[in-house]
Amino acid sequence: MKVRTLLAKDLRILKRSPLLLGLLVLYPLVVALLIGLALGRGSDKPRVAIVNEVPRGQSLDVGTGTLRLGISGDQVRDHIDPVRVATRAEAERRVRDGDVLGALIIPEDTFRKIESRVEQPRLEVIVSEEDPVKARLVDDAIAAALSEANRQVARALTRANVRYLDLLLNGGNVTVFGERFNVLGLRRIGESVEAARRRLPRGSPERSGLDRVVRFTRIAQANFGLSSQVLTALSEPIRVDKQVVSGARVPLTTFAAAVAVAVSLMFVTVLLASGALALERDQNTFGRLVRGPVSRTTLLAEKGLFALVGALPVTLLMLLAVATFATVEWDRFHLWVAAIAVAAMAFAAMGTLIGALAREVQAASLLAFTLLLPVAFLALVPSGAVSPVVHDITQAVSFVFPFDATVDAMRSALYSSGSLGGPLLHLSALAVGFGVASRVAIRGFG
Amino acid sequence: MHVPPPVVLAAEGLRKSYGARAALKDVSLEATTGERVACVGPNGAGKTTLLTILAGIQAPDAGTVRAEGRAGWVPQTPAVYDKLTAAENLRLFAKLERIADVEASVTRMLDQTGLRERAQDQVAQLSGGNRQRLNVAIGLLSSPPVLLMDEPSAALDPRQRERLWEYLGGLTADGTTVVYATHTLSEAERHADRMLVLADGEALFWGAPNELQERVASPGDAPGDLESAFVEFLRQEGH
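Protein chains in written order, with this note's numbering: chain Z, 1 to 446; chain A, 1 to 239.
Rather than coming from a laboratory, the hints here were simulated on the basis of the structure.
These numbers were taken from a predicted model, which means no experiment stands behind them.
The beta-carbon is built from N, C-alpha and C at its ideal position, and this holds for glycine as well.
Computed footprint of chain Z on chain A; a stretch qualifies when at least three of its residues, placed anywhere within it, have a C-beta under 8 Å from a C-beta of chain Z:
1. 49 to 56
2. 82 to 88
In silico DSSO-like cross-links for lysine-lysine, where the CA-CA straight-line distance does not exceed 27 Å:
3. Z:K15 x Z:K2
4. A:K83 x Z:K15
5. A:K95 x Z:K15
6. A:K83 x A:K95
7. A:K83 x Z:K2
8. A:K95 x Z:K2
Restraint ranges, calculated between C-beta atoms of paired labels, are given here:
9. Z:L26 x A:R98: 37 to 47 Å
10. A:R98 x Z:V309: 17 to 27 Å
11. A:K25 x Z:V25: 51 to 61 Å
12. A:Q122 x Z:V25: 17 to 27 Å
13. Z:Q362 x A:R108: 30 to 40 Å
14. Z:D331 x A:G69: 57 to 67 Å
15. Z:V381 x A:Q122: 43 to 53 Å
16. A:V231 x Z:G433: 47 to 57 Å
17. A:T64 x Z:V309: 33 to 43 Å
18. Z:M1 x A:K25: 38 to 48 Å
19. A:P158 x Z:V400: 49 to 59 Å
20. A:S143 x Z:M1: 14 to 24 Å
21. Z:V25 x A:R159: 42 to 52 Å
Please model the complete structure; the sequences and the hints are all you need to start from.
Set out below in structure tokens:
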């Protein structure tokens, strides 16, 4: 009853604070819009302009038929988002304008040089170095795409060579300069020599000469048989089998949505809880409330509930907006609500602690921003980006704040990746911990 | 035969320290029905600490407080919500105090404090005097036998101050005990039956204002005004 009365009071005050209310509604919508625009650029791969100067209709013949080289085709879509442009000048302009992150020029003599098997074709990359991060991204993506193309050519050439070896071994027809020839092959040569040898008398010098030829053909047959396997292995000396040992694969858009939700939820909930508690001191009402009508614990619980009631619809609204851009599974909506609610409780408890420590609304807001930004930043530092010691420290710091666990919970709730129970348990423990700390902090409050 | 009025508030041996600083050192007082008690002293004397302990906002390190019922509390700075109207503030605290008929109590307090016409105005739009009236009204919502007020007239102009004391005079006439802190000696002289003089947490004097004046007056001289007597008294006590 008292909690309901206080909650109604706080909501009425919030309603009469148009600037704050406007920010509360607009902030998540703006964040959602920005994320939507970012995700709406299409894929999560860098956009790279492709200028294919190879004359139309020209194909790459490596001896086993025409090879469709995938530098500008579907194959590179695994690494880059290709944008076809007609000329080098247009590619340069697009890179300068930031429309694409880089450009790849395929010179007209590329196929000729590959077919020659003596010259190496050279592709050109145009990139803006204004932003080192973007430049690195383009370098990596194009290197990956070219590696794929090199692998395709190497495999095609190997297949051609293996076919020639097979012809030498087993014989068959081959066309050279338009004229068709029949190649006997080592195996049939060996059989013919063997037959001729059998017809000669034992001990004759011709028979011992043929014995040496028979031994050679046998050794040659055995080694030619192995050669095809060796060449295949050389065309792709190292193969990669990926094994995921931690985390679950989540689309980048879903991860972005989870981070966006966590950021919005964190700011809205913490600012509401800390502000509402600090307001009681600003308005001098804390003493009046806790001297009789309301206990300190009840007041803290009410502030947490107020932050939850304020943040839940705002965050859900934002998530619904983001869902139009990101990959989400709508049948998991109930899990979204659960994850947001538990995360909001943890953030609200953290907010009440900030409110109790700061004691004034403005100081509480300042403290909240000062604390929350680095917390979010640290939680998003990937392993491998910093030294192991620093990473361990960032992990430890992230563990005692709800942001990291909220991202995990939202990822699990939005997309079936990993267990939701673990992050929810973690968030619940943080809610209790911050709640107890808040209760201790307001002992002398008022 | 004179029957002394019943004691409705009694504090004995109150001690309170903030770290190494002693805010109250063995302070005692009592107040009877309808009595007006002023706690006077220079800034930092311990007046607010004493009143917040009497109000139950903070606990003493030592000593006891006995009160008939729960005292009403009127802090120095109005403890009201700026974004709520006067009526909404009263309604909120009436609900939290679990007063039986909330609307009747709100109407009664608006009438008593003369705020009826400003009932629907947000507190932020009220004058300092009207805020203080609302502050007092909230303290009186539950019709407490004792009203504790921390420098109630500090932010008021003379006319508002006069109205406030007029109103409080009506309350004490009806049997409500008023204990207040002030550093305005003329206020204590006019509106206190007994006064407690505090300095550096020590209770230096407990009695009627004129007793203090008589104590410091030279033999044969007529007592001076209370303010002069108070300053002289503090000097004699080494403060």
